[in-house]
Amino acid sequence: MLDAMPEPAVRLDARFVDPAADMPTVEIDGAEYLGMLRVDALGLELPVSSVWDGAELGVAPCRYSGTVYGGDLVVVGSDADSQLGPLSELAGGEEVVLSDMLGNDFAYVVDGVEPLQPTEIARAVEDEEAGGFALCVVGSDGKAHLVVRCRV
Numbered sequence: 059m060l061d062a063m064p065e066p067a068v069r070l071d072a073r074f075v076d077p078a079a080d081m082p083t084v085e086i087d088g089a090e091y092l093g094m095l096r097v098d099a100l101g102l103e104l105p106v107s108s109v110w111d112g113a114e115l116g117v118a119p120c121r122y123s124g125t126v127y128g129g130d131l132v133v134v135g136s137d138a139d140s141q142l143g144p145l146s147e148l149a150g151g152e153e154v155v156l157s158d159m160l161g162n163d164f165a166y167v168v169d170g171v172e173p174l175q176p177t178e179i180a181r182a183v184e185d186e187e188a189g190g191f192a193l194c195v196v197g198s199d200g201k202a203h204l205v206v207r208c209r210v
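If you're matching positions, the sequence shown starts at 59 in my numbering and goes up one per residue.
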C-alpha cells in the first residue's frame with residue numbers, strides 16, 4: 059500500500075492552511091487515505107485512513123477526529139506489530155511525523171505514553187490540547203489500551 063501512495067502534486071506552507079480545512083485525501087483500493095505516519099525510532103511508516111472504520115482499522119490506522127491543520131488530530135490503530143503495537147516501546151522525546159497528501163510534513167515529539175483502561179478512548183480525545191496529536195492503540199477486542207501524546 060505504501061508504494062501506491064502518490065507523490066504530492068502540490069506543496070504548500072501549512073501556516074497558510076485554514077485550521078478548519080479538512081485534510082485532502084487520495085483513494086487507494088477503494089479506501090481514502092489522508093497521509094503517512096512515520097516513527098523512525100521504531101522503523102514505522104504507515105498510511106492513515108481518513109475515516110474511522112472498524113473494517114479499515116484492520117488494514118491501517120484511522121483518523122478518529124481532527125486534523126493536523128487544526129492541531130487536534132487523533133489517530134487510532136490496532137495493537138498489531140504491523141500497525142501501532144510498537145508504540146508501547148516509546149519512552150518520550152521521539153519524533154513522530156505525519157505527512158499530508160500535499161507533501162507537508164508535520165513533526166511532533168512524543169510528550170507522554172499513557173496506559174488507558176479499555177473504556178477510556180473518550181479521555182484520549184477529550185484531553186487533547188490544541189497543537190497536539192494523539193495516537194491511540196486499541197486491542198483486538200476493539201478497546202483502547204494506550205495513548206501516545208505528541209506536541210509540536
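Simulated from the structure, these hints should not be mistaken for laboratory data. Don't take each hint at face value.
Simulated restraints, written as ranges between beta carbons of each label pair [claimed, not checked]:
hint, residue 1, residue 2, range
1, 199, 74, 26 to 32 angstroms
2, 180, 210, 35 to 41 angstroms
3, 111, 151, 30 to 36 angstroms
4, 197, 99, 18 to 24 angstroms
5, 175, 123, 31 to 37 angstroms
Source: prediction; values computed, not measured. Backbone N, C-alpha and C fix where the C-beta goes; we use that ideal spot for every residue, glycine too.
Do the hints match the structure? See the list:
The hinted range of 26 to 32 angstroms is not satisfied by residue 199 and residue 74, whose Cβ atoms lie roughly 42 angstroms apart. Taking the beta carbon of each, residue 180 and residue 210 are about 24 angstroms apart, not inside 35 to 41 angstroms as hinted. Remark: the range hint 30 to 36 angstroms for residue 111 to residue 151 is upheld by a beta-carbon distance near 32 angstroms. Remark: the range hint 18 to 24 angstroms for residue 197 to residue 99 is upheld by a beta-carbon distance near 23 angstroms.
At roughly 20 angstroms, the beta-carbon separation of residue 175 and residue 123 lies outside the given 31 to 37 angstroms, and the hint is violated.
The earlier numbered hints that this structure contradicts are 1, 2, 5.
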